[in-house]
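Novice: These protein sequence lines map, in sequence, to chains A and B. Going letter by letter, the first sequence gives residues 1 to 116 in our numbering. Going letter by letter, the second sequence gives residues 1 to 114 in our numbering.
Certain hints may be false.
When the alpha-carbon atoms are kept at most 30 Å apart in a straight line, the in silico DSS-like pairs for lysine-lysine are as follows [unchecked claim]: (1) A:K57 / B:K101; (2) B:K101 / B:K58; (3) A:K57 / A:K15; (4) B:K95 / A:K57; (5) B:K95 / B:K69; (6) B:K69 / B:K101; (7) B:K68 / B:K58; (8) B:K95 / B:K68; (9) A:K11 / B:K101.
Calculated directly from the structure, the hints in this document are not laboratory data. Being a predicted model, the structure only gives us computed values, none of them experimental.
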Amino acid sequence: GAGVSQSPSNKVTEKGKDVELRCDPISGHTALYWYRQSLGQGLEFLIYFQGNSAPDKSGLPSDRFSAERTGGSVSTLTIQRTQQEDSAVYLCASSSTSGGAIDTQYFGPGTRLTVL
Amino acid sequence: AQSVTQLGSHVSVSEGALVLLRCNYSSSVPPYLFWYVQYPNQGLQLLLKYTSAATLVKGINGFEAEFKKSETSFHLTKPSAHMSDAAEYFCAVSKKSSASKIIFGSGTRLSIRP
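Same shape as in the complex, but just chain A (with noise of 0.2 Å):
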């Protein structure tokens, strides 16, 4: 596709239950990030996948959090029991690689979870 989409882009949802947010990134692009935009906060770094080597995921909360990415494109980030404190915007990122070097992320337009 023509850029990062993420699905779906609002999820309310009760205390308690699990719930799981898409991520389609760039067409070609190996590497995939998650974050967490919470109110008033930065992001927060929550997990990387690039290629098929183990993932990053030393940003990750809690064992709540996991995330895989299918076939080295699509990524689902689950929140099992999901908590009030698990509220905020979840944003996706891909982007290309070139020798190790920096390549730009390209955002998604986030999911935005409210947990009741």
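Given chain A, work out where chain B should sit, using these hints.
Specialist: Here is chain B on its own, set in the frame of chain A:
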């Protein structure tokens, strides 16, 4: 560990005035530095990035930033503000040796007064 500090969560300037958004970084290794902009109801987009070439980096929409190692700063400037510049601006840092994590600051909301 790397981090960025953005001074001022909200900056307001008059249309036509100088825009100055401050960013200081902390990095144990030579960094890559970025400024991203988030317009209302839109995703983040890259304004400019510093990757150890020229210390004065020019970006889109007339913005530029200067890397000052002695001050560990990467302030964003624009000579003359336009109403369309109203947005949230994020400074970010990454290790030069890795294309993985980019650490973002908490953001500065820029408002433009008519």
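Novice: To test your reading of the hints: which numbers does this structure violate?
Specialist: Failing hints: none at all.
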